[in-house]
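Enquirer: Residues per chain, in single letters:
2 protein chains.
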Amino acid sequence: MLVGVGLRESKKAATRTALSWAAIQLTVERGLDNVKVEDIAAAAGVSPRTFNNYFGSKAEAIVSRQLDRLRHIADELRRRPPEEPLWTALTQATLTQYQPGPEVVANPIPDPVQWAAGLRVMLAEPALQAELLRTTVIAEEDLAAAVAARTGTSIENDFYPHLVAATVLTATRAATTHYLRTESGSEMEQLLPEALARIAAGLPEPH
Amino acid sequence: MLVGVGLRESKKAATRTALSWAAIQLTVERGLDNVKVEDIAAAAGVSPRTFNNYFGSKAEAIVSRQLDRLRHIADELRRRPPEEPLWTALTQATLTQYQPGPEVVANPIPDPVQWAAGLRVMLAEPALQAELLRTTVIAEEDLAAAVAARTGTSIENDFYPHLVAATVLTATRAATTHYLRTESGSEMEQLLPEALARIAAGLPEPH
DNA sequence: CGCAAAGATGCGGGGCACGCAATTTTCTCG
DNA sequence: CGAGAAAATTGCGTGCCCCGCATCTTTGCG
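Quick note, the sequences are listed as chains A and B, same order.
Note that our numbering has the first sequence beginning at 1, numbered continuously upward.
Note that our numbering has the second sequence beginning at 208, numbered continuously upward.
No lab work stands behind these hints, which were simulated from the structure alone.
All C-beta atoms, glycine included, are put in the ideal place defined by N, C-alpha and C.
Treat the hints with care, since some could be wrong.
From the derived model, a few chain A residues whose C-beta atoms are all more than 12 Å from chain B [claimed, not checked]:
1. E9
2. Q25
3. G31
4. K36
5. D39
6. E103
7. A116
8. E189
If the Cβ cut is set under 10 Å, some of the chain A residues that face chain B in the computed set are [stated by the list, open to error]:
9. W87
10. T153
11. T182
Simulated restraints, written as ranges between beta carbons of each label pair [claimed, not checked]:
12. Q190/A - G392/B: 39 to 49 Å
13. T257/B - R30/A: 40 to 50 Å
14. G392/B - S57/A: 32 to 42 Å
15. T257/B - A197/A: 43 to 53 Å
Using the sequences and the accompanying hints, generate a full structural model.
Expert: Below, the structure written as structure tokens:
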């Protein structure tokens, strides 16, 4: 049996997604400490004990979708034509992350304004911030490997690929934060290329 | 009464330091989940309940010294002469972090090799990684403010100071990781300037 | 010296993470 | 198809953590 196509695999994936999605939704609605693991499990139609078979903590469940998305960046980078300049490829690869996936389209948000407000509250939770940062470090490994492959550097001995990966992911985080801080004068599709362009230019002082 | 010089203040600071130090030491020795809050409190000569008056979690206690050190970077940056180029000042400011403070000199490590090994195990703990990353984000605010002051940009409206602060702190983290990953061919005093120089040059591919 | 403010402590509760063993579901192969 | 193997789900019990509240002790100040 090929991996990923059996009934088992698809059910597991579905449960995992349901748990993560339920965790996010409930947290955005009520706030993190008004959501018990019991609630999340119930919303996903599964026993409380099963929740911890999939995730080690509430925070991990909430953050898992973000981790999945960050992991795609490395894949996208590998997919870019090799003759493309590195920073062009990196910019394009990171931008793919902001195209809404099918699962978001399928689940339309009832009240976008209220949702955005809840999201901010959620992201202000220290425990979630910490876990969220950890996802970028995990994805960093993948991205560093892809950068190493593209630039002919070594993932084990060279500092370069790690530094580039860390910097790129930091730039996306900084762009996101800026986007949330200011009441969005500009969109991510504009902010992120700007950030990466600045970095590729060596972050010179403005004007 | 001036802040910070009363008996009360100094006792509080001492207790805080003792708790954090005990938490680190015990964790390096035995591993995170073989250390109970009770143990840390006992080692610091204080009741278990008091521990949580100072820190919200074990992780926070362990990480608090690192946070203190990162906070100094912004102060150091402000102390650099204003005519100094930005990236020179940033490099110097971050380097001060690696001069061992008086409390480390006073408490000599019995077995440096074993200590280093324990440190690695400790830093591999997911919960600690997460909390450690959070400290950099907290320090990032301070640093961004200092960068804004030096470059005449706005902490509220401009993206630039945040991007610079985030990138610099990420570089120090990447350098630390590289230092721990490779069995230290080079020291931090060499690695960190290299990282910042690469960034100031726009991270070009190494020929 | 005595009162007010602030910190330390003890107690108790809610909840989370996880090990273990039993049970149900899915897969594989004769 | 059907039986046994493999894997996932579940229930139960445990240890610990974090925090609120009330009380007691220490420090600060006039």
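Enquirer: Indicate, hint by hint, whether the structure satisfies it.
Expert: So, going through the hints one by one against the coordinates:
| no. | hint | in the structure |
| --- | --- | --- |
| 1 | E9 | holds (25 Å) |
| 2 | Q25 | holds (23 Å) |
| 3 | G31 | holds (17 Å) |
| 4 | K36 | holds (19 Å) |
| 5 | D39 | holds (23 Å) |
| 6 | E103 | holds (26 Å) |
| 7 | A116 | holds (20 Å) |
| 8 | E189 | holds (15 Å) |
| 9 | W87 | holds (8 Å) |
| 10 | T153 | holds (7 Å) |
| 11 | T182 | holds (7 Å) |
| 12 | Q190/A - G392/B: 39 to 49 Å | holds (41 Å) |
| 13 | T257/B - R30/A: 40 to 50 Å | violated (32 Å) |
| 14 | G392/B - S57/A: 32 to 42 Å | holds (37 Å) |
| 15 | T257/B - A197/A: 43 to 53 Å | holds (51 Å) |
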